[in-house]
Each structure stands twice: as structure tokens, then as C-alpha cells.
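Here is what each chain is made of, one letter per residue.
There are 2 protein chains.
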Amino acid sequence: MEFSSKLLENAVYEMSQLPGIGKRTALRLVLHLLKQPEERTHYLSNALMKLKSEVNFCKSCHNISDTEICEICGNPKRDESLVCVVEDIRDVMAIENTSQYNGLYHVLGGKISPMEGVGPQDLNIGSLVNRVKEGTVKELIFALSSTMEGDTTNFYIYRQLEGLEITTSTIARGISVGDELEYADEVTLGRSILNRIPFESSMKAN
Amino acid sequence: MEFSSKLLENAVYEMSQLPGIGKRTALRLVLHLLKQPEERTHYLSNALMKLKSEVNFCKSCHNISDTEICEICGNPKRDESLVCVVEDIRDVMAIENTSQYNGLYHVLGGKISPMEGVGPQDLNIGSLVNRVKEGTVKELIFALSSTMEGDTTNFYIYRQLEGLEITTSTIARGISVGDELEYADEVTLGRSILNRIPFESSMKAN
Chain S
667 MEFSSKLLEN AVYEMSQLPG IGKRTALRLV LHLLKQPEER THYLSNALMK
717 LKSEVNFCKS CHNISDTEIC EICGNPKRDE SLVCVVEDIR DVMAIENTSQ
767 YNGLYHVLGG KISPMEGVGP QDLNIGSLVN RVKEGTVKEL IFALSSTMEG
817 DTTNFYIYRQ LEGLEITTST IARGISVGDE LEYADEVTLG RSILNRIPFE
867 SSMKAN
Chain G
667 MEFSSKLLEN AVYEMSQLPG IGKRTALRLV LHLLKQPEER THYLSNALMK
717 LKSEVNFCKS CHNISDTEIC EICGNPKRDE SLVCVVEDIR DVMAIENTSQ
767 YNGLYHVLGG KISPMEGVGP QDLNIGSLVN RVKEGTVKEL IFALSSTMEG
817 DTTNFYIYRQ LEGLEITTST IARGISVGDE LEYADEVTLG RSILNRIPFE
867 SSMKAN
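In order, the protein sequence lines correspond to chains S and G.
Numbering-wise, this note's numbering puts 719 at position 53 of the first sequence, and it's gapless, one number per residue.
Numbering-wise, this note's numbering puts 742 at position 76 of the second sequence, and it's gapless, one number per residue.
Treat the hints as calculated values from the structure; they're not laboratory data.
Think of the CB as a built atom: it goes at the ideal place given N, C-alpha and C, for glycine as much as any other residue.
It is possible that part of the hints are untrue.
[What the hints assert, rightly or not] Per label pair, the in silico range of CB-to-CB distance:
(1) 843(G) / 847(S): 44 to 54 Å
(2) 708(G) / 799(S): 32 to 42 Å
(3) 708(G) / 756(S): 18 to 28 Å
(4) 785(S) / 743(G): 53 to 63 Å
(5) 686(S) / 817(G): 33 to 43 Å
(6) 837(S) / 786(G): 51 to 61 Å
[What the hints assert, rightly or not] Pairs of lysine-lysine residues, derived as DSS-like cross-links and limited to a Cα-Cα distance of at most 30 Å, are as follows:
(7) 672(S) / 716(S)
(8) 701(G) / 799(S)
(9) 689(S) / 689(G)
(10) 689(G) / 725(S)
(11) 716(G) / 689(S)
(12) 689(G) / 672(G)
Isolated chain S (complex conformation) (with noise of 0.2 Å):
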């Protein structure tokens, strides 16, 4: 792509880094930039910006926060002897919304992948065996990508609690509710049969 200017292919590239973003992409978002008032770019500019110098990450919990503890970790309404780890941020907000869960959260902030470089040592793995060492954590869920990085990591958290008094669970992995059988992979469904639940705690959930 041969750009008529400098400052136009510059800005185009900066954009371009970001994941999923092509050259194209890139210059159609940065021409549309170019079009709106001066404002738009500043506003953009300055969110980034600030949220990359001020961001905060809750001490408990690692997620993101604008204060030392967030909101989750420090509403004393929540059960704290219920701790779900999580991957990612985009993974607490994923739960919270379905307003079904009181407890606590650890963001672990990736899993473990040998192909990505990605070591126990690179997540909130000792922090997380820290608060169960604390001893008020009673039960840790799992919550995880059923994939092997998840399946790894999961095994990795598990084995560091060996002798601590903590009980583990996963979330239910099944057919979606609402979901035709005909079109669920044999996996799910193969789980879904084995992991079956007494038809009386099916009623309630509902």
C-alpha cells in the first residue's frame, strides 16, 4: 500500500497493531478520524492514554479497578468463601451479568501455553494459593476455557493447594439451554450425558 503521506502511513500502521485490525481496516478507521472534528481524536487519545498511566488493579482480585480494592472484592454483601478464577476481565464481566453469582473472583490474566511463552510464573497463580492459605476461602471455581491451556492450567492451581483444606469445582459444561441436540458437537454432548444432574436441581435452577 503506497500512502501519498508520512503522517498518513504512520498513523495507519500504529492502528494496524492492533489485533485484528488489517491495513485496511486500519486506514478506513483512521480516514473516519480524519473526517470528524479534532475533538474525536483527542478524546481517543486521551482515554488511552489515561487508562494506561492510571489503570489500577484491584490487590485481591487483579481485575481492573479505579480504586485499590474493586468494587467486587469490597462489597461486604458478597460471599467470600467463594472464589471463581478467571482468565481474563472480559470473564467477570461475562458472569456478572448473568447476576446468578455472590461470591469472589481471581483473575488469573492468561493461561498457561508453552506455545505462547506463557509460564505459571507470568500469572496470579501465587497470589491465588496466598488467599487460600489465608483460610477464608472455602471453595474455588474453576472457570476456565475447557481447551487444553485452561485444562492445564486448572490441573497446574490444583496441585499447588495440595494439603490445603479447600474444596474445587468447574462450572457445568453442557448443551446451551435452548439449544436442539441434533446440532451440539459429540463432546458437549457426550459431557452433558456423564455430568448428568438430578432432574429436582434442574427445576430449581429455572
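Following the hints, put chain G in place on chain S, whose structure we already have.
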């Protein structure tokens, strides 16, 4: 979407104002920037701000340029008598990539579209008419998209040029090179038959 941080919410909001970027994508992009070293955010912000504040449009053809007159208009090897009328600077880049055109351009900055509130006065049409009046231009090539708005814009410019000594042409519409006839849409195929060209000239083009 509930955010645990105002800073994050603000950054995601500003990012999602870009065209084709929804809230979820914006969140993904912002979280990616958060994981990267601080320079990345600096570079992106600076490149956008610098472009917006220092951007310059060629005095003659309105293409984005770092200099008062763009490289194309300032190149003495290009044919001054030929001007290709395009909507957007992306069209200039697309035509330049073909290496088949040696004339100049005129970037309108859009198409006449009453639906979107874009009238002739919002486009660089006046300066095009002035360029033609100066007398060096012998032929205008309309290369706008062949939509209702594109056709309206072509016709509007055509009417403005009445009485001036100028040849006008439009780029050829037809079946894409390498495409099979059975998959072509009827309008394109129909036009390509009506506007057939002598076999000898098609041989020259290859």
C-alpha cells in the same frame, strides 16, 4: 456491559465510536493495549493526534499530502491534461496500485447524497470546475462508484461543465478479469455486452 473501572469504560466508549467497532471489539482492543508496553499506546495516540493536527490536503487535487502540492500533482512526468475524478483518497491509492494511469486526480471527498445530507457545496466540485476553466485539462475521467449517488454526482459535474471545452469519460464497467460469466450479475453482464470494445483494443490491453 458493566465496567469495574470508569477509565476502562471511557476508553472502550471512545474506541467504540469508530465505524465497525462494537463494544465487545473495543473492549478487546483496549485490553490488548493494556497488556502491551506503554510505548504502544503512546505511539498510537501520538500518530493520530499528529495526523489530525498537521494533516494537509493538496491545494490542487485535495489528496492527503505532507506538502502543499502532493507528489502526484507536483510530478512533471504526469499527464496534466488528464484528470481522474474520485470520491476518496483510497480510490487514488487503488488506481495508483494498478500502475496503468499517468494523469492527475481530483478527490471530491464524497458523493452527492441527499439522504445523508451531502450536497454539492460539501464536495470539492467548485475547485474542479475552476481547474477545468484554467484550460490545461483536456479530459475528465469519472471513477465514482456506479450507485445512484455516484451517477447523480457525475451528472451534476457534467452539467457544471457545459459550455467548457472538455472531454468526459467514465471507467469501463464489465466482468472482472478472470471471472466466469455464469456467476456475474445481470446488470454488469448486460452492460459489458452493450459496451463491447473492438477485439484489437482488448489485445493491446493485455
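Tested hints:
At roughly 48 Å, the beta carbons of residue 843(G) and residue 847(S) sit within the given window of 44 to 54 Å. Under the hint 32 to 42 Å, the C-beta atoms of residue 708(G) and residue 799(S), about 39 Å apart, fit the expected range. A C-beta distance of roughly 25 Å is found between residue 708(G) and residue 756(S), which places it inside the suggested range of 18 to 28 Å. Evaluation of the 53 to 63 Å hint for residue 785(S) and residue 743(G) yields a pass: the beta carbon distance comes to about 58 Å.
Residue 686(S) and residue 817(G) have their C-beta atoms about 35 Å apart, which keeps the hinted 33 to 43 Å range intact. Between residue 837(S) and residue 786(G) the CB atoms are about 60 Å apart, so this pair conforms to the stated range of 51 to 61 Å. Our distance criterion of 30 Å between C-alpha atoms is met by residue 672(S) and residue 716(S), whose separation comes to about 27 Å. With a CA separation close to 29 Å, the supplied pair residue 701(G) and residue 799(S) stays within the 30 Å bound.
Taking the CA atoms of residue 689(S) and residue 689(G), the gap is about 21 Å. The hint holds against a cut of 30 Å. As the CA atoms of residue 689(G) and residue 725(S) are separated by approximately 27 Å, the hinted pair is consistent with the 30 Å bound. At most 30 Å may separate the alpha-carbon atoms for a hinted pair to count; residue 716(G) and residue 689(S) meet this at roughly 19 Å. Under the criterion of a C-alpha separation no larger than 30 Å, the hint pairing residue 689(G) with residue 672(G) is consistent with the structure, at around 15 Å.
Checked against the numbered hints given earlier, this structure breaks none of them.
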